[in-house]
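Chemist: For reference, the chains in residue letters:
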Amino acid sequence: MSETAPLLQLESVNTHIGPYHILQGVELAVPRGGLTMLLGRNGAGKTTTLRTIMGLWHASAGRVRFDGAEITDWATPDIARAGIAYVPENMGIFADLTVRENLLLAARSGDIDDARLRWVFGLFPALKKFWSLPAGFLSGGQKQMLSIARAVIEPRKLFLIDEPTKGLAPAIIVNMVAAFRELKETAATILLVEQNFMFAKSLGDSVAVMDNGRVIHSGSMAELAEDRDLQHRLLGLSLDSHQ
Amino acid sequence: MTDIDAGELAKRRHYDWAPLLLLPLLALAALPLIGSPSTWATLTAAGLAMGMIIFIIASGLTLVFGLMDVLNFGHGAFISVGAYVAAILLVPLSGLLQADSLALNTVALLALIALAMIATGLLGWAFERIIIMPVYGQHLKQILVTVGGMIVAQQLIIVLWGPVQLAFPLPTAFRGAIVLGDVAIERYRVIAVVVGLVVFAGMLLVLNRTKIGLLIRAGVENREMVEALGYHIRRLFVGVFAAGSALAGLGGVMWAFYREELTPGMGMEVLVLVFIVVIIGGLGSIGGCFLGSLLVAVTANYAGFLAPKVALGSNIILMVLILLWRSRGLYPVANR
Amino acid sequence: MTMFRAILSGDPPQSRMLSAALLVIFVALAAAPFLFPGTQSLNVAAKICYFVVLAASYDLLLGYTGIVSFAHTMFFGIGGYGAGLALYTWGPTWSSVLIGTVLGLVLAVLLALLIGLFSLRVRAIFFAMITLAVASAFAILASQLSWLTGGEDGRTFRVPSILRPGYSLLEVGAFSINGRVITYYLVFSSALVLFLSMLRVVNSPFGRVLQGIRENEFRAEALGYRTIVYRSIVNCLSAAMATLAGVLAALWLRYTGPAVTLNFDIMLDILLMVVIGGMGTLYGSVIGATIFILAENYLQALMGAVSKSAAGLPVLPQLLDPDRWLLWLGVLFVLSVYFFPAGIVGKLAARK
Numbered sequence: 001m002s003e004t005a006p007l008l009q010l011e012s013v014n015t016h017i018g019p020y021h022i023l024q025g026v027e028l029a030v031p032r033g034g035l036t037m038l039l040g041r042n043g044a045g046k047t048t049t050l051r052t053i054m055g056l057w058h059a060s061a062g063r064v065r066f067d068g069a070e071i072t073d074w075a076t077p078d079i080a081r082a083g084i085a086y087v088p089e090n091m092g093i094f095a096d097l098t099v100r101e102n103l104l105l106a107a108r109s110g111d112i113d114d115a116r117l118r119w120v121f122g123l124f125p126a127l128k129k130f131w132s133l134p135a136g137f138l139s140g141g142q143k144q145m146l147s148i149a150r151a152v153i154e155p156r157k158l159f160l161i162d163e164p165t166k167g168l169a170p171a172i173i174v175n176m177v178a179a180f181r182e183l184k185e186t187a188a189t190i191l192l193v194e195q196n197f198m199f200a201k202s203l204g205d206s207v208a209v210m211d212n213g214r215v216i217h218s219g220s221m222a223e224l225a226e227d228r229d230l231q232h233r234l235l236g237l238s239l240d241s242h243q
Numbered sequence: 001m002t003d004i005d006a007g008e009l010a011k012r013r014h015y016d017w018a019p020l021l022l023l024p025l026l027a028l029a030a031l032p033l034i035g036s037p038s039t040w041a042t043l044t045a046a047g048l049a050m051g052m053i054i055f056i057i058a059s060g061l062t063l064v065f066g067l068m069d070v071l072n073f074g075h076g077a078f079i080s081v082g083a084y085v086a087a088i089l090l091v092p093l094s095g096l097l098q099a100d101s102l103a104l105n106t107v108a109l110l111a112l113i114a115l116a117m118i119a120t121g122l123l124g125w126a127f128e129r130i131i132i133m134p135v136y137g138q139h140l141k142q143i144l145v146t147v148g149g150m151i152v153a154q155q156l157i158i159v160l161w162g163p164v165q166l167a168f169p170l171p172t173a174f175r176g177a178i179v180l181g182d183v184a185i186e187r188y189r190v191i192a193v194v195v196g197l198v199v200f201a202g203m204l205l206v207l208n209r210t211k212i213g214l215l216i217r218a219g220v221e222n223r224e225m226v227e228a229l230g231y232h233i234r235r236l237f238v239g240v241f242a243a244g245s246a247l248a249g250l251g252g253v254m255w256a257f258y259r260e261e262l263t264p265g266m267g268m269e270v271l272v273l274v275f276i277v278v279i280i281g282g283l284g285s286i287g288g289c290f291l292g293s294l295l296v297a298v299t300a301n302y303a304g305f306l307a308p309k310v311a312l313g314s315n316i317i318l319m320v321l322i323l324l325w326r327s328r329g330l331y332p333v334a335n336r
Numbered sequence: 001m002t003m004f005r006a007i008l009s010g011d012p013p014q015s016r017m018l019s020a021a022l023l024v025i026f027v028a029l030a031a032a033p034f035l036f037p038g039t040q041s042l043n044v045a046a047k048i049c050y051f052v053v054l055a056a057s058y059d060l061l062l063g064y065t066g067i068v069s070f071a072h073t074m075f076f077g078i079g080g081y082g083a084g085l086a087l088y089t090w091g092p093t094w095s096s097v098l099i100g101t102v103l104g105l106v107l108a109v110l111l112a113l114l115i116g117l118f119s120l121r122v123r124a125i126f127f128a129m130i131t132l133a134v135a136s137a138f139a140i141l142a143s144q145l146s147w148l149t150g151g152e153d154g155r156t157f158r159v160p161s162i163l164r165p166g167y168s169l170l171e172v173g174a175f176s177i178n179g180r181v182i183t184y185y186l187v188f189s190s191a192l193v194l195f196l197s198m199l200r201v202v203n204s205p206f207g208r209v210l211q212g213i214r215e216n217e218f219r220a221e222a223l224g225y226r227t228i229v230y231r232s233i234v235n236c237l238s239a240a241m242a243t244l245a246g247v248l249a250a251l252w253l254r255y256t257g258p259a260v261t262l263n264f265d266i267m268l269d270i271l272l273m274v275v276i277g278g279m280g281t282l283y284g285s286v287i288g289a290t291i292f293i294l295a296e297n298y299l300q301a302l303m304g305a306v307s308k309s310a311a312g313l314p315v316l317p318q319l320l321d322p323d324r325w326l327l328w329l330g331v332l333f334v335l336s337v338y339f340f341p342a343g344i345v346g347k348l349a350a351r352k
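Protein chains in written order, with this note's numbering: chain W, 1 to 243; chain U, 1 to 336; chain S, 1 to 352.
Calculated directly from the structure, the hints in this document are not laboratory data. Heads up, some of the hints might be wrong.
Claimed, not checked - Here are the simulated lysine-lysine pairs, DSS-like style, with alpha carbons at most 27 Å apart: (1) K201(W) <-> K157(W); (2) K211(U) <-> K128(W); (3) K166(W) <-> K201(W); (4) K129(W) <-> K211(U); (5) K129(W) <-> K166(W); (6) K211(U) <-> K157(W); (7) K157(W) <-> K128(W); (8) K128(W) <-> K184(W); (9) K201(W) <-> K184(W); (10) K166(W) <-> K184(W); (11) K141(U) <-> K347(S).
Said to hold, decoys possible - Partner residues are not named here, just some residues of chain W that face chain U (Cβ under 10 Å, in silico): (12) P77; (13) P88; (14) N90; (15) I93; (16) F94; (17) A95; (18) E101; (19) L104.
Idealized CB from N, CA, C, for every residue including glycine.
For reference, chain W alone in the conformation it holds in the complex (with noise of 0.2 Å):
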């Protein structure tokens, strides 16, 4: 497989939940490592291509690829298997299992790397301070860096997060912007669905927008970034104002 493929391809994906036709014919290609974009404004679509990839639902028509196999029909548990870890936006975690239990439940050799671990407690030190307390006493930041923390306990290749800054507090969000450069350092592919722009922006290699079911614009983030009118049109806001 050449190492320029993208390692992850969306092609004319069309996704339907019962009578809405939510995703028209997306196409969508994330090249393999650094950190991919997907923005739009609320409802454009974003998170149901994330869970289209992850097989949560299941397209009416097109085809998803990944790594060289085509995992469109594959069941969700497969998906992942195949190297996939996804952060939904309502961060997923167990509330009544341990802070070690979720994590336990997300390194599927059976057993966490001690290396792995001390570095996702070097990016999130509250996870330490929690280890054996249930996950429903986490505050609301401290959860989403659980389901973070869960994602990377062991090496993936593809990273789908959705909105991890939601609802976060400034500092939290600096935190954040931290470990997911560390994240990047490990040569994981991410694909990121954010509304914070200048999150965006600061991580950001490529950029994909969404718009009405379809991808409307994909190229590099420095090029956007750049484009005051370019953002205006896709994004409505410029850059600045768009937190």
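The hints should help you fit chains U and S onto chain W, whose structure is shown.
Modeler: Coordinates of chains U and S only, in the frame set by chain W:
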């Protein structure tokens, strides 16, 4: 999916002790009403014993619903089947059962339980694959199909064992009461409590110390996320269902001894109480189920003494009060 | 023809076979005292009449709104006890019947409202379990309050004189139009009126909203319909109809008691009738009730005969024992949920 409101979310930052106070409060409140401490003690013991048996039966139902989102209205059938199948051994084991030895009686009890659990476990396996799997996710059809299954099961019991009640006498050494001063506590009730505690402990062990238990607990909370972590959780379903059915069978044997008789409709009778317990405890919660069972059984016993005509009504009132306090039960599992 | 359609509220049966079947049933019931003289057959016919109402009222909940409730027999019982106890306590007059019916309706609608509103605080699935608990409690209450209800034995009472068997209106050849026949036509015509009014309800805008809620409650809410209000109303309406069915039953049987009204078996019977007949069609209740009650009375005789002839064989005689007819209906019920979820009506409609 219901949203947890902000108040409940705040509560979850600490251990939730409040519901645990309900049982002692209830017991204390009943004491002056009942008057005599010895009667109170007898009633409370009876309530605890009955509660344990109901817990054994209800735990299977709540786990199945919590994990698989399946409403098995046919759970009552497994109760009856377990007892009736165990009855097959009543005559062959009569030597052990009639001996006045605790040890021999216990061996016989274990044999009966083993047979009941194997039979209902297998039946549960078949039931899940044949009857329930085709209607996953369709609650309405599940209710209909499992009710239908229960009707058929009850009729088949009558076909095989006849319509009249059968005697299910207690083994000799289980009879009688232990007398502590003024208080007489029936031996069998103590045994029921022991069995119930063993089952509870066993469940907690499996759920908290094994990987499968971990998967079940996580799956009850958020099945989708467990799959997104790479686990084929549906493969657990039939096993959990079979285990739940086996527990119902165990409960059936214990219940049959409690009543000292078998009737084809016995499963249905207990089912109403089981539903009340599961609602009170919170769907999917074993701890809630345990607490709920004790509350319901103790309430039934107190009410049976104080106001026999409204015994079942007392449990409805209990259920209403608890739901007014916590609309999803005492310990609802997070995501439902 | 248009008047005919209007009577059926614009919702005529969808297929020839169904229409034919319904017509046969209608004619058979309308002329029952003359076509099938004899106490047992008239009993069967009357029972079909009030069970059609009972089953149809349950279909309002189950088929049209998608609500599973196990409290339906409770309302049936309230109607039966209302009329029955009134006749028992205040004498066999029409005013007793009226007062009893009204009291029953008030109690039923209040209970339905309470159950509905309370259960809507909790998940829809809890509703089924809660109704089961409440109905059980009510049944036990009814048998415990024997000073009022006659306990397990129920109450026999006398009906207004015109309805009594001894009363004779006139003799038409060999047929005597006596009180029983008059009672039968009272039951029949009331059942007809009640059924047609339910047909009107489901074909009204209200009925369409109910179906919308059944299909997709979330969307109905999004469209602005307060589903709580609609569910409460259909709960009360369904309960009221069941109560009236109970009044009819009481008038016919001249007896009321837990065994014929509050028994959980009857709840299951209703469920079977509606599902086998066809949920969400109301006509399905007609077919289902007819088949069920005919089976209950005549299939058993058939099974008895077959069972005797299989006397020597192992399990077969017990399987075919007439008391086990419920087993076969249970099997039919389960099969119909899987294979013909639209019931017999659906099957007939498909063939057109």
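Chemist: Indicate, hint by hint, whether the structure satisfies it.
Modeler: Cross-check of the supplied hints:
no.: 1; hint: K201(W) <-> K157(W); result: holds, 23 Å
no.: 2; hint: K211(U) <-> K128(W); result: holds, 22 Å
no.: 3; hint: K166(W) <-> K201(W); result: holds, 16 Å
no.: 4; hint: K129(W) <-> K211(U); result: holds, 23 Å
no.: 5; hint: K129(W) <-> K166(W); result: holds, 23 Å
no.: 6; hint: K211(U) <-> K157(W); result: holds, 25 Å
no.: 7; hint: K157(W) <-> K128(W); result: holds, 26 Å
no.: 8; hint: K128(W) <-> K184(W); result: holds, 23 Å
no.: 9; hint: K201(W) <-> K184(W); result: holds, 14 Å
no.: 10; hint: K166(W) <-> K184(W); result: holds, 20 Å
no.: 11; hint: K141(U) <-> K347(S); result: holds, 18 Å
no.: 12; hint: P77; result: holds, 5 Å
no.: 13; hint: P88; result: holds, 7 Å
no.: 14; hint: N90; result: holds, 9 Å
no.: 15; hint: I93; result: holds, 8 Å
no.: 16; hint: F94; result: holds, 5 Å
no.: 17; hint: A95; result: holds, 4 Å
no.: 18; hint: E101; result: holds, 6 Å
no.: 19; hint: L104; result: holds, 7 Å
Going down the numbered hints, you'll see the structure goes against none, and every one checks out.
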